[in-house]
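Each residue of the sequence shown is one higher than the one before, counting from 0 in numbering that gives the first Met the number 0.
By construction, these hints were calculated from the structure, which means they are not laboratory data.
Keep in mind that this is a model prediction, so the values were computed, not measured.
Please note that the accuracy of each hint is not assured.
As the list claims (entries may be wrong) - Restraint-style ranges between C-beta atoms, simulated for each label pair:
1) Glu62 x Pro11: 17 to 25 angstroms
2) Leu26 x Ser78: 19 to 27 angstroms
3) Arg107 x Asn36: 30 to 38 angstroms
4) Asn86 x Pro13: 20 to 28 angstroms
5) Arg28 x Ser79: 12 to 20 angstroms
6) Leu26 x Pro103: 25 to 33 angstroms
7) Asn36 x Gly76: 13 to 21 angstroms
Just so you know, even glycine gets a beta-carbon here, dropped at the ideal spot from N, CA and C.
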Amino acid sequence: MQVELDVFSGRPNPHWTLNQRDSQELLRRLQRLSPTNAGEPSGNLGYRGVILSNPEGAIAGFEWIVCSNGLVVGYKGDSSQKFIDANRNLERWLVQTGETTLGPDILRSLRQEFGGDF
0 MQVELDVFSG
10 RPNPHWTLNQ
20 RDSQELLRRL
30 QRLSPTNAGE
40 PSGNLGYRGV
50 ILSNPEGAIA
60 GFEWIVCSNG
70 LVVGYKGDSS
80 QKFIDANRNL
90 ERWLVQTGET
100 TLGPDILRSL
110 RQEFGGDF
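Could you build the full structure based on these sequences and the hints that come with them?
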């Protein structure tokens with residue numbers, strides 16, 4: 000599964016691939032999320048969240064997933080389903096999986112975004 004940090008506007012976003020163990024953990028974490036009708040993903044400048052995709056097929060029944068500011072949105076065709084990401088736990092975990100890919104400036108900015116470590 001592919002993870003993309005949605006952070007840049009004028010250049011490519013950093014991205015990385017989850018290993019098999021982390022991909023399985025991602026699916027477990029997604030299954031534990033509670034549905035919600037509230038909110039929309041962030042559209043701010045700078046860090047906007049994490050985008051998940053899978054070139055090999057669906058992720059928990061979705062074509063792609065966005066994790067942003069306590070909200071997880073799964074997209075399939077023209078429809079979407081929203082879930083609560085309490086304390087941004089899934090989003091934080093996904094960022095941790097890419098720590099070795101992200102440069103020091105991005106990591107510093109993310110620590111500010113998350114109020115400390117992620």
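Structure-based check of each hint:
Range check, glutamate 62 to proline 11: Cβ separation about 21 angstroms, and the 17 to 25 angstroms hint holds. The hint said 19 to 27 angstroms for the Cβ distance between leucine 26 and serine 78, and at roughly 20 angstroms that hint holds. About 35 angstroms separates the C-beta atoms of arginine 107 and asparagine 36, a value consistent with the hinted range of 30 to 38 angstroms. For the pair asparagine 86 and proline 13, the supplied restraint of 20 to 28 angstroms holds, since their beta-carbon distance comes to about 23 angstroms.
At about 19 angstroms, the CB distance of arginine 28 to serine 79 agrees with the hint of 12 to 20 angstroms. Taking 25 to 33 angstroms as the suggested C-beta distance range, the pair leucine 26 and proline 103 conforms, at roughly 31 angstroms. At about 19 angstroms, the beta-carbon gap between asparagine 36 and glycine 76 stays in the expected band of 13 to 21 angstroms.
Of the numbered hints given earlier, the model fails none.
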